[in-house]
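Participant: Kindly generate the complete structure, drawing on both the sequences and the hints.
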Amino acid sequence: MANLLLITVILINFFTLGSARLVACIRAVAVQGALLSLLPLVAHGMSGHALILGTGALIFKGILIPWLLLRAIREARIRREVEPYIGFVATLVLGALVTAGAFIFADFLPLAQEHHEGLFVPAALATMFSGFLLLITRRKAITQVLGYLMLENGIFIFSVLLSVAIPLMVEAGILLDLLVSVFVMGIVLNQINREFSTLNTERLTALKE
Amino acid sequence: MLLLLILFPLAMAGLAMLLPWYQGRSWLLPISGGLHLLLSALCVTESGAVLGIWIGLDALSKLVLIVISLLYFGCAIYAVGYLNLRRDRGNKAIVPYLLVFLSTMTLAISARHFGLLWVAVEATTIASAPLIYYNCNRLSIEATWKYLLLCSVGIALAMLGILFIAYAALVGGAVPVNLHIDSLLSGATNLSRPWLHAGFVFLLVGFGTKMGLAPLHTWKPDAYGEAPGMVGALLAGGLTSVAFLAILRVMQLMSAAGDGAMARQALLGMGLLSLLIAAIFMVRQPDIKRLLAYSSVEHMGILAIGVGIGGLATFGAMLHLVNNALTKGCLFLSAGNIQRGYDSKQLSKVHGAIATLPISGSLFLAGFLAIAGSPPFGLFISEFTILRGIFGSGQIWVGLLMLALLAMIFIGMGATVLSATQGGPVKVDNQFKDSFLLVVSPIMFLFLVLMLGVYLPESLQTALREAAELLEVHP
Chain A
1 MANLLLITVI
11 LINFFTLGSA
21 RLVACIRAVA
31 VQGALLSLLP
41 LVAHGMSGHA
51 LILGTGALIF
61 KGILIPWLLL
71 RAIREARIRR
81 EVEPYIGFVA
91 TLVLGALVTA
101 GAFIFADFLP
111 LAQEHHEGLF
121 VPAALATMFS
131 GFLLLITRRK
141 AITQVLGYLM
151 LENGIFIFSV
161 LLSVAIPLMV
171 EAGILLDLLV
181 SVFVMGIVLN
191 QINREFSTLN
201 TERLTALKE
Chain B
1001 MLLLLILFPL
1011 AMAGLAMLLP
1021 WYQGRSWLLP
1031 ISGGLHLLLS
1041 ALCVTESGAV
1051 LGIWIGLDAL
1061 SKLVLIVISL
1071 LYFGCAIYAV
1081 GYLNLRRDRG
1091 NKAIVPYLLV
1101 FLSTMTLAIS
1111 ARHFGLLWVA
1121 VEATTIASAP
1131 LIYYNCNRLS
1141 IEATWKYLLL
1151 CSVGIALAML
1161 GILFIAYAAL
1171 VGGAVPVNLH
1181 IDSLLSGATN
1191 LSRPWLHAGF
1201 VFLLVGFGTK
1211 MGLAPLHTWK
1221 PDAYGEAPGM
1231 VGALLAGGLT
1241 SVAFLAILRV
1251 MQLMSAAGDG
1261 AMARQALLGM
1271 GLLSLLIAAI
1281 FMVRQPDIKR
1291 LLAYSSVEHM
1301 GILAIGVGIG
1311 GLATFGAMLH
1321 LVNNALTKGC
1331 LFLSAGNIQR
1341 GYDSKQLSKV
1351 HGAIATLPIS
1361 GSLFLAGFLA
1371 IAGSPPFGLF
1381 ISEFTILRGI
1391 FGSGQIWVGL
1401 LMLALLAMIF
1411 IGMGATVLSA
1421 TQGGPVKVDN
1431 QFKDSFLLVV
1441 SPIMFLFLVL
1451 MLGVYLPESL
1461 QTALREAAEL
1471 LEVHP
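The listed protein sequences derive, respectively, from chains A and B. The first sequence begins at 1 in this note's numbering and counts up one residue at a time. The second sequence begins at 1001 in this note's numbering and counts up one residue at a time.
A hint or two may mislead.
[As the list claims (entries may be wrong)] Chain B is nowhere near these chain A residues, computed Cβ spacing over 10 Å in every case: (1) 10; (2) 35; (3) 49; (4) 50; (5) 56; (6) 94.
[To be verified] Simulated DEER-style distance windows between Cβ atoms: (7) B:1283 x A:52: 48 to 58 Å; (8) B:1024 x A:114: 53 to 63 Å; (9) B:1010 x A:190: 18 to 28 Å; (10) B:1262 x A:85: 29 to 39 Å; (11) B:1437 x A:180: 31 to 41 Å.
Just so you know, the hints here were simulated from the structure itself, not pulled from any lab data. Since the structure is predicted, the reported quantities are computational estimates derived from the model, not experimental observations. Every residue gets a Cβ at the ideal spot worked out from N, C-alpha and C, and that includes glycine.
Facilitator: Now the structure itself:
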């Protein structure tokens, strides 16, 4: 069951890497966040800790943050990612390569006995790498925020393995920090849009040596 | 008491949001800063380490806490004068953010749990982004965006590093697995090596981004260049020290696990690279605030080298942390005054600063002499101690390389600072003059750095030695 979830998460990575429509990308990352909120429950069963963590992740990653981003693009009136630095097909191929790399790499890591069967580690690495790809290859500031979110989703997968080590309070702090940082990024996005009338980051090159 | 120290700035921030009186809001900053300094002094002078499970102070955090508190108090006094000049931009937003920033920095300093440390450091990023954006123009948007994105991604990698360390404990068979610094330190020898090493790399990259070690420093010149002077002082003197403390926590863990040598090498390499990058970009730098940003990269490099060498050099690095924070305070505040006076921070417009703004111009020049490590200022002593440590440990080439780079930086920085400060007075058509509130803090910082160069009190020496000893744990 957990593996099924994780495979869906990896498929969503590919969808986001290959799609030009921003709304679809945001929705995909929202679905990814919502799926991940099931992960603690599936991995650790119905415990109070898992339940609260899952609910928190669902509210923040699945609902609030995507809503903030959707609002930001509605105000900026942008629909599509045009001219990424690397084409969509090329990013997809790169995405496939890093995912394969993540699976091979995870095989070499000395995992704890109970984690040998699961896909947690390769899925976490693949999602993180895909987030990085999104960060690097896109021009729109909003897609860069999506890349950051995907990176955080990858880290979240890994943290589920360790949720015994991380107390609930800290976990809540992490989610809250994530929400507030996306909120602040949203405000800056708005200002970029107002000041430059575009959300393309190549305009942000006045500061250099 | 420590909890009070973290929480009361938040209450003050709430008060600042409600207070409908401009002057009153501004004055909340020095009041909170003074109270914070007083309480920190009480916390720091309490003998022995006060270690709770979640928050506590050991010798390292005591040192950083008192430095930050002092720097913040000085900047808060300056802020009253500065915000008076900026009625066009207002202080409704910046005062609460400055207070929240103080609270998050204090939390990061006193955290005894890696997860809490992470939350606090990320919170400092969020609280400081609006401060960089204070001027609300195209350039400050660009700087804020770069700062926010780079630091957030960096800190996300640090999170992964923390998780790797927790996994190292899990694979190493620790029961129960937790991330409290003390329990990790005591069980450090059992940590699984591959995971610990991977975790170290991610933590170094993550907190290194926040600290601004090369090659992860690219946000620094932009953010420091566009932020107001006092924010630059708080970031360059305060926040970098907090990030350095986070790296020191990781170093503590690595040496407790018996892998200190590898961690030191990594830090040494990054430190030397930072010096090199700073030297390259400081030569013919036409912007005085960007110059200071590269100087910050340089001094982070020196701190990393000090800890990377170990022994006597670690003691030097601890002293250097104090000196760097105070001198950066003096430099950024006086550079802020010069920028106000000339309406520019470019060398094409700024020259003859001593003749135009006698006090700020002289402070900027004296601050340059201090930061470049000339006697009798404190940085001379700390850099000299670090160099003695390097030569004493037999790494002659590292020492020679560092000396050569320091000389290059001295010449490069000197050229820019001298052409900004020397020359006849310039007629500028704004009303800016040196006023008491705007110069008293930089004078105080410079005086303290001078004192540290002339005389190192016994109590401070003990504090520095205790802090350095925490990093020299052998398994």
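Participant: Any hints from earlier that this structure breaks? Give me their numbers in increasing order, please.
Facilitator: none
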